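Engineer: These are the residues of each chain, in order.
Protein chains: 2
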Amino acid sequence: MTVKTILPEDKLPTRWYNIAPDMPEGSLKPPLNPATGEPVGPEALTPIFPMSLIMQEVSTERFIDIPEEVREIYKLWRPSPLFRARRLEKALDTPARIYYKYEGGSPAGSHKPNTAVPQAYYNREAGIKRIATETGAGQWGCSMALATQLFGMECTVYMVKVSYEQKPYRRSMMEVWGAEVLASPTDRTNSGRQILAETPDSLGSLGIAISEASEDAATHDDTNYSLGSVLNHVLLHQTVVGEEAVQQMEMNDVYPDIIIGCIGGGSNYAGLAFPFMRERLAGNRNTEFLAAEPTSCPTVTKGKYTYDFGDTLCSTPLLMMHTLGHDFMPPGIHAGGLRYHAMAPLISALVDAGHMNAVAYGQTEVFDAAVQFARNEGIVPAPESSHAIKAAIDKALEYKEAGEEKVILFNLSGHGHFDMSAYDQYLGGSLIDYAYPEEKIKESMAKLPKM
Amino acid sequence: MTVKTILPEDKLPTRWYNIAPDMPEGSLKPPLNPATGEPVGPEALTPIFPMSLIMQEVSTERFIDIPEEVREIYKLWRPSPLFRARRLEKALDTPARIYYKYEGGSPAGSHKPNTAVPQAYYNREAGIKRIATETGAGQWGCSMALATQLFGMECTVYMVKVSYEQKPYRRSMMEVWGAEVLASPTDRTNSGRQILAETPDSLGSLGIAISEASEDAATHDDTNYSLGSVLNHVLLHQTVVGEEAVQQMEMNDVYPDIIIGCIGGGSNYAGLAFPFMRERLAGNRNTEFLAAEPTSCPTVTKGKYTYDFGDTLCSTPLLMMHTLGHDFMPPGIHAGGLRYHAMAPLISALVDAGHMNAVAYGQTEVFDAAVQFARNEGIVPAPESSHAIKAAIDKALEYKEAGEEKVILFNLSGHGHFDMSAYDQYLGGSLIDYAYPEEKIKESMAKLPKM
Numbered sequence: 093m094t095v096k097t098i099l100p101e102d103k104l105p106t107r108w109y110n111i112a113p114d115m116p117e118g119s120l121k122p123p124l125n126p127a128t129g130e131p132v133g134p135e136a137l138t139p140i141f142p143m144s145l146i147m148q149e150v151s152t153e154r155f156i157d158i159p160e161e162v163r164e165i166y167k168l169w170r171p172s173p174l175f176r177a178r179r180l181e182k183a184l185d186t187p188a189r190i191y192y193k194y195e196g197g198s199p200a201g202s203h204k205p206n207t208a209v210p211q212a213y214y215n216r217e218a219g220i221k222r223i224a225t226e227t228g229a230g231q232w233g234c235s236m237a238l239a240t241q242l243f244g245m246e247c248t249v250y251m252v253k254v255s256y257e258q259k260p261y262r263r264s265m266m267e268v269w270g271a272e273v274l275a276s277p278t279d280r281t282n283s284g285r286q287i288l289a290e291t292p293d294s295l296g297s298l299g300i301a302i303s304e305a306s307e308d309a310a311t312h313d314d315t316n317y318s319l320g321s322v323l324n325h326v327l328l329h330q331t332v333v334g335e336e337a338v339q340q341m342e343m344n345d346v347y348p349d350i351i352i353g354c355i356g357g358g359s360n361y362a363g364l365a366f367p368f369m370r371e372r373l374a375g376n377r378n379t380e381f382l383a384a385e386p387t388s389c390p391t392v393t394k395g396k397y398t399y400d401f402g403d404t405l406c407s408t409p410l411l412m413m414h415t416l417g418h419d420f421m422p423p424g425i426h427a428g429g430l431r432y433h434a435m436a437p438l439i440s441a442l443v444d445a446g447h448m449n450a451v452a453y454g455q456t457e458v459f460d461a462a463v464q465f466a467r468n469e470g471i472v473p474a475p476e477s478s479h480a481i482k483a484a485i486d487k488a489l490e491y492k493e494a495g496e497e498k499v500i501l502f503n504l505s506g507h508g509h510f511d512m513s514a515y516d517q518y519l520g521g522s523l524i525d526y527a528y529p530e531e532k533i534k535e536s537m538a539k540l541p542k543m
Numbered sequence: 093m094t095v096k097t098i099l100p101e102d103k104l105p106t107r108w109y110n111i112a113p114d115m116p117e118g119s120l121k122p123p124l125n126p127a128t129g130e131p132v133g134p135e136a137l138t139p140i141f142p143m144s145l146i147m148q149e150v151s152t153e154r155f156i157d158i159p160e161e162v163r164e165i166y167k168l169w170r171p172s173p174l175f176r177a178r179r180l181e182k183a184l185d186t187p188a189r190i191y192y193k194y195e196g197g198s199p200a201g202s203h204k205p206n207t208a209v210p211q212a213y214y215n216r217e218a219g220i221k222r223i224a225t226e227t228g229a230g231q232w233g234c235s236m237a238l239a240t241q242l243f244g245m246e247c248t249v250y251m252v253k254v255s256y257e258q259k260p261y262r263r264s265m266m267e268v269w270g271a272e273v274l275a276s277p278t279d280r281t282n283s284g285r286q287i288l289a290e291t292p293d294s295l296g297s298l299g300i301a302i303s304e305a306s307e308d309a310a311t312h313d314d315t316n317y318s319l320g321s322v323l324n325h326v327l328l329h330q331t332v333v334g335e336e337a338v339q340q341m342e343m344n345d346v347y348p349d350i351i352i353g354c355i356g357g358g359s360n361y362a363g364l365a366f367p368f369m370r371e372r373l374a375g376n377r378n379t380e381f382l383a384a385e386p387t388s389c390p391t392v393t394k395g396k397y398t399y400d401f402g403d404t405l406c407s408t409p410l411l412m413m414h415t416l417g418h419d420f421m422p423p424g425i426h427a428g429g430l431r432y433h434a435m436a437p438l439i440s441a442l443v444d445a446g447h448m449n450a451v452a453y454g455q456t457e458v459f460d461a462a463v464q465f466a467r468n469e470g471i472v473p474a475p476e477s478s479h480a481i482k483a484a485i486d487k488a489l490e491y492k493e494a495g496e497e498k499v500i501l502f503n504l505s506g507h508g509h510f511d512m513s514a515y516d517q518y519l520g521g522s523l524i525d526y527a528y529p530e531e532k533i534k535e536s537m538a539k540l541p542k543m
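These protein sequence lines map, in sequence, to chains A and B.
Counting with the working numbering, you get residues 93 to 543 for the letters of the first sequence.
Counting with the working numbering, you get residues 93 to 543 for the letters of the second sequence.
Chain A on its own, in the form it takes in the complex:
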């Protein structure tokens, strides 16, 4: 009985899939300069990104070659396995077949290195010596620390101070991979010093850390900035996941009826979904696409599809996306990777065009699903990925009710080895199920830029 499908190493994809040219006509809106309301050109991003990545951001080529050096590093954990969750199917007594792609086998424990590695590569090719980036819980910081180390570059990670203090193990991991990790706000940047002058005991925030890292990059010639989700080129790199999954589903002689993933900025879900979405957009398949997000940060299910800033301090171009407002601060759920106020423009446009749907879940029901999964399939999932598990279980039960033998495919984007304190709270009955932050969302939505 087949439990997992392994692609041979020589079937590791040679190209990423760029969905931009296949998007419904007129669905992609350009980034705008907030001062002029005019589209921004690629040159506006050169102080912090290398031209090769900027060109990928705006590319209209359907496929982009993966550099050989990047593929060699991918092989440290790729191709990743595709599992059939036979034990979970049996526990649910569902006629549905549940497949999942597992990205937790990377050294950093998630899908994030799929883009950290090429980002480091293109920066090194451009002569950049150091990457400055931010991290909240530490997943992205770890991935960039690993990637820069593998290319002999330096890495400075601005880590939100409260996480720096509460999550020392992710910090240690970044340091094992040679990164310098700073508790943000720091006194190294104008942004940091400004915050510290106003609030000396500031615990930091992702918005502040982004400001510090991008300022660091903009003010040092040998340093660039790097982002772990949201942008087109980040989603592009993640399509290696879906390109593998397409082959692995073929090896099983099945095609998914529904493709599920969790969304924070959108990159892990886009990575799995886009190579299958290609067939839907071409009119060849009618596959359903379902993204799962937290009720306490319901970007797609409750947000507005409009132009907004990517960061809290309004320093980015305006992007057309689902947003709760750039200064929305969600409750402190354990799925830290899903606490972003907005959604990748490519995902947002697909939702707006009716090709994708979203569903939102509360924290406790997500951990119920996580523990049920761990007890059947073994793997202890990350809280973020557990949103996808919850959606997959719900769908499997729905298909059971309807007696449908449908095929589910979801992305298990990472393991939960650094989230055991959250499981501890869940098992001890002290997990908080935050109420839907209706008032806070209203307030932040009121501050959306007027278009």
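Rather than coming from a laboratory, the hints here were simulated on the basis of the structure.
Please note that a few of the clues may not be correct.
In this list, chains with the same sequence are indistinguishable; a pair is considered to hold if it fits within one copy or across any two.
[What the hints assert, rightly or not] Below 25 angstroms or equal to it, Euclidean Cα-Cα: the simulated SDA-like pairs (lysine to any residue) are:
1. Lys-96 / Asn-344
2. Lys-96 / Phe-243
3. Lys-167 / Pro-116
4. Lys-182 / Glu-217
Just so it is clear, the structure is predicted and the values come from calculations on it, not from any experiment.
With chain A held as given, fit chain B onto it using these hints.
Structural biologist: Then chain B, alone, in the frame of chain A:
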């Protein structure tokens, strides 16, 4: 360029290899009853083990079929990948080729589930409802919690109290998999109550936890006891690792010149080594076998090959093995899995017969090797496994010096995701390099049973 070699799922071994019938004549000595000095028969073990495992313990069959239900669960993480450490080779500038088998991809993060799963299976087949076992740092307890959960059994883990308090995450993981975890000494057993009466604030020890778990098993009809290393049947189950590696090395058209692993009780190293040792014992190959242990618990390099008790409280039969004395208490090194006073009888006999060698390393040089490995190969290794890495690096440099293009194969038995505080100490310069505990070893060796 090949980075890793994946066995197809249908090449997962169908049989474990039992080295007993191939051992040098007269090298295997029977367990003795400490009261009579006479060999103990299988029946002595029936209060705590099922007959199927006892028969494996004394089997003279060369191969033992892996039950289909066990193979189905193995497939959740097996076959495990074989990597070629090309980046490390390059960093060392060695002509040697370094291969490693990676067992950290199991849900529990180490090789331990390879035996926990069949042990749970055979107990369930025998009508046993619950397994009682002990754990120190938590690796074994996690593996048995997972295995019993997958077979619908209960699990009680007696966890050394100091670890229970210092390592809450391993405890949470066991609970996620449905186990009851108790801080040992408990007031549930006579052994525990006796200790608590004498020392109310006892921090516990592995010896005490073993006594509690085996008493629990002996005093409950529906409950058996389970051990994670040392015994023949445990090493037998681990040979699935080596049987895979034999096939994977063939796929690379190479045969190892040296096979390396870390040793605590001996099971991960035996698992990789025995299927290759089979060829050496048959006179077909002259492969070198090298086991790595800590200088602070130098069982093989400094111990005596003699009969001794397996536990501190002298409740087991006497086993012929390398030992530092049953009440030797090693310093608190981070490689908790290597802190056992003795060595598996099968490994000990092979060392005694000149088929294996051992080497000992200090804690800091082991972490030097671990960090060098992580920075080149990505994976952050467990402190235990890092002893094998250190030995592999030393050998690769020795071959460089001699200009020899030899092939190294080692077992990377687990990841270090739950050992980041140790890395933190290493990077912060506060890691303790314990002196060789010469006086303590002298004292404990003086208490060896007189034979």
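Engineer: With reference to the structure, classify each hint as holding or not holding.
Structural biologist: Hints versus structure:
1. Lys-96 / Asn-344: Close inside one copy (10 angstroms) and across copies (23 angstroms); limit 25 angstroms.
2. Lys-96 / Phe-243: between (32 angstroms within a copy, 20 angstroms between copies)
3. Lys-167 / Pro-116: neither (34 angstroms within a copy, 41 angstroms between copies)
4. Lys-182 / Glu-217: Classified as between: cross-chain Cα gap 21 angstroms, same-chain 50 angstroms, threshold 25 angstroms.
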